[in-house]
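Below are the chains, spelled out letter by letter.
Protein chains: 2
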Amino acid sequence: MTPAPAAANPSALPFADRLAAAVVAKKNAVLVGLDPRLASLPAGLQVAENAPWAEQAEAFRAFCRGVIDVVAPLVPAVKPQAAFFEQLGPAGMSALADAITYAREKGLLVILDGKRNDIGSTATAYAEGYLGRGPECAWGADALTVSPYLGDDSLTPFVDVSRQRGAGIFVLVKTSNPGGKTFQDLKVDGRPLYRHVADHVEAIARSTAGACGYGLAGAVVGATYPEQSVELRAAMPHTWFLVPGYGSQGATARDVAGAFDPRGLGAIVNNSRGIIFAHARREYERFGAARWQEAVEAATRDMIASLAAETPAGKLA
Amino acid sequence: MTPAPAAANPSALPFADRLAAAVVAKKNAVLVGLDPRLASLPAGLQVAENAPWAEQAEAFRAFCRGVIDVVAPLVPAVKPQAAFFEQLGPAGMSALADAITYAREKGLLVILDGKRNDIGSTATAYAEGYLGRGPECAWGADALTVSPYLGDDSLTPFVDVSRQRGAGIFVLVKTSNPGGKTFQDLKVDGRPLYRHVADHVEAIARSTAGACGYGLAGAVVGATYPEQSVELRAAMPHTWFLVPGYGSQGATARDVAGAFDPRGLGAIVNNSRGIIFAHARREYERFGAARWQEAVEAATRDMIASLAAETPAGKLA
Chain A
1 MTPAPAAANP
11 SALPFADRLA
21 AAVVAKKNAV
31 LVGLDPRLAS
41 LPAGLQVAEN
51 APWAEQAEAF
61 RAFCRGVIDV
71 VAPLVPAVKP
81 QAAFFEQLGP
91 AGMSALADAI
101 TYAREKGLLV
111 ILDGKRNDIG
121 STATAYAEGY
131 LGRGPECAWG
141 ADALTVSPYL
151 GDDSLTPFVD
161 VSRQRGAGIF
171 VLVKTSNPGG
181 KTFQDLKVDG
191 RPLYRHVADH
201 VEAIARSTAG
211 ACGYGLAGAV
221 VGATYPEQSV
231 ELRAAMPHTW
241 FLVPGYGSQG
251 ATARDVAGAF
261 DPRGLGAIVN
271 NSRGIIFAHA
281 RREYERFGAA
291 RWQEAVEAAT
301 RDMIASLAAE
311 TPAGKLA
Chain B
1001 MTPAPAAANP
1011 SALPFADRLA
1021 AAVVAKKNAV
1031 LVGLDPRLAS
1041 LPAGLQVAEN
1051 APWAEQAEAF
1061 RAFCRGVIDV
1071 VAPLVPAVKP
1081 QAAFFEQLGP
1091 AGMSALADAI
1101 TYAREKGLLV
1111 ILDGKRNDIG
1121 STATAYAEGY
1131 LGRGPECAWG
1141 ADALTVSPYL
1151 GDDSLTPFVD
1161 VSRQRGAGIF
1171 VLVKTSNPGG
1181 KTFQDLKVDG
1191 RPLYRHVADH
1201 VEAIARSTAG
1211 ACGYGLAGAV
1221 VGATYPEQSV
1231 ELRAAMPHTW
1241 FLVPGYGSQG
1251 ATARDVAGAF
1261 DPRGLGAIVN
1271 NSRGIIFAHA
1281 RREYERFGAA
1291 RWQEAVEAAT
1301 RDMIASLAAE
1311 TPAGKLA
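Each protein sequence line maps, in turn, to chains A and B. Everything in the first sequence is counted per the numbering used here, starting at 1 for the first residue and increasing by one. Everything in the second sequence is counted per the numbering used here, starting at 1001 for the first residue and increasing by one.
Chain A with its partners taken away, still in its complex shape (with noise of 0.2 Å):
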């Protein structure tokens, strides 16, 4: 099935429906990452070390707009992380902020990580918050990451407030880094510990599915675990995946193949460091700190490649 075309008031469809029809429109699964660090930005924007907080944020926002001008044409969204900003304090926010507001201005879909998590009105307010594109809402991203360990409840604020504004969530399953089993994968009745919160997962997304086949829930499911990917996606048919993992944590683009469903939508795939700083990696190299914009262009373009070449993304194309 194709994802319907985007209306003309694109914010008012189901979230879902809007990430399909833009990995439909840019033809790749490709998430950018936001992850501005004062050391790894080109030499043309680093300010020293212990500039006042209200310059290193002015660093960041310069350096994520240029960023963001590089990809808006190329991928369907980008993912700011939202702990780097915050680590600048205010005037990190407000580079956090700037951040989101460019990208959407540009046409992308913005799926913030903050992996937020309370209960009652407090969910209420994270989720009022930061999803949704209408006045009503300070931060407006399309999505956010979310951790369960609060159980159903602490969920179903963000999902009210996904369905009432046309946004959705990203909920931990089955995350990327090596301690992740320290809890998910602890045996339940025979089962993973994410696999239980897998179920409650896909029944929301079952319930709230959208012409594109996928609901406002949608789950992390780290690229490190390909078996676990493959197992997920047969477990959770309605639930969008991100995939973090993919570059410098170790997986590559067949790693990830599982995580998509045979029209190559059903899974984005995050690449943050592997991009933003491709002008200190070796293969980009050649374009120096100074032209480092064309090599995030060249590290975005190779990894739509990749997963073109070796996923079912290469549908899309």
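None of these hints come from the bench; they were simulated from the model. Here a beta-carbon is modelled for each residue, glycine too, at the ideal position from N, C-alpha and C. Some clues are possibly wrong.
[Claimed, not checked] To spell it out: a stretch of chain B is covered by chain A in this simulated footprint if at least three of its residues, at any positions, have a beta carbon under 8 Å from a beta carbon of chain A; those stretches are:
hint, region
1, 1072 to 1081
2, 1119 to 1128
3, 1194 to 1201
4, 1299 to 1311
[To be verified] In silico DSSO-like cross-links for lysine-lysine, where the CA-CA straight-line distance does not exceed 27 Å:
hint, chain 1, residue 1, chain 2, residue 2
5, A, K26, A, K315
6, B, K1187, B, K1106
7, B, K1106, B, K1026
8, B, K1026, B, K1315
9, A, K187, B, K1181
10, B, K1187, A, K181
11, A, K187, B, K1187
12, A, K27, A, K315
13, B, K1026, B, K1181
14, A, K181, A, K26
15, A, K181, B, K1181
16, A, K26, A, K106
Once you have looked at the hints, place chain B on chain A.
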């Protein structure tokens, strides 16, 4: 054992010892939650629901300062809830920064309730951004709540930064909401998941225990599950408990008694709405909205008295 008195530079001491000293000095374990909500502000601080974010944030700033002015002489610590500030965008984050700084200036410990969590250098960014009182930290909280789903290596960066900076964390273990059971109570090898999380937290706490007997890793243990509090108190002898659920969520002083050690240490009991919006409670309506700070003081003193009467915290008096 009596905790050592605060040194000349109190922020250089381990967080657990600073918390113990503050509880002993104030003779109670009340943790006042700073959960500003526009609709609940006293009449004199109200702004329109559709007022600009900066105006709403200014109301939060004034309200939090007003609460802190009242409770600083009475209690050891406050707990700003990040979500309510984040809901107002970058302007709200400035109000949060102000609340943290103002509370510290008034001699309070600040436990930021952000339930942050991530992996690797991203977790480090959260830890370095929020934890510690030095110029290298943009926010300057003494402790931060943390979610454990991502596993042991996701906790390590928070532990490392806490150790370096005399800060602390409170890891979600058994939360106060009804849905906390969804995953936390699932049985792994015959014991609920939260007991496995508790083991990890206690191991960190034991290995970092200071003069007061507690370590830098605390646990969030909901007051709404008194039996589990008793069970966890026994299983986690080196772990400070942050106890939510008192008051508005239905738990009484008697329900939280089991979270304390026999000295009256080991637990801090949070109350948010029941204190900061006391002017709206029938018991304190005699003060009226204009004298809302007197209602805050009365509610704080009443909670201190209840805990002293019904729990080992009475030994602190």
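Hint by hint, here is what the structure shows:
1. 1072 to 1081: Three-residue rule not met by the region 1072 to 1081 of chain B, so violated; n is 1.
2. 1119 to 1128: Holds, because 8 residues of the region 1119 to 1128 of chain B bring their Cβ atoms closer than 8 Å to Cβ atoms of chain A.
3. 1194 to 1201: Answer holds; 3 residues pass the 8 Å Cβ test.
4. 1299 to 1311: With 0 residues close enough to chain A, the hint is violated.
5. A:K26 to A:K315: Status holds; Cα separation ~12 Å.
6. B:K1187 to B:K1106: Violated. K1187 of chain B to K1106 of chain B sits at ~45 Å, over the 27 Å cutoff.
7. B:K1106 to B:K1026: 13 Å, holds
8. B:K1026 to B:K1315: Between K1026 of chain B and K1315 of chain B the Cα gap is close to 12 Å, so the pair holds against 27 Å.
9. A:K187 to B:K1181: 16 Å, holds
10. B:K1187 to A:K181: OK: K1187 of chain B and K181 of chain A at ~16 Å, within 27 Å.
11. A:K187 to B:K1187: 8 Å, holds
12. A:K27 to A:K315: 8 Å, holds
13. B:K1026 to B:K1181: 34 Å, violated
14. A:K181 to A:K26: 34 Å, violated
15. A:K181 to B:K1181: 20 Å, holds
16. A:K26 to A:K106: 13 Å, holds
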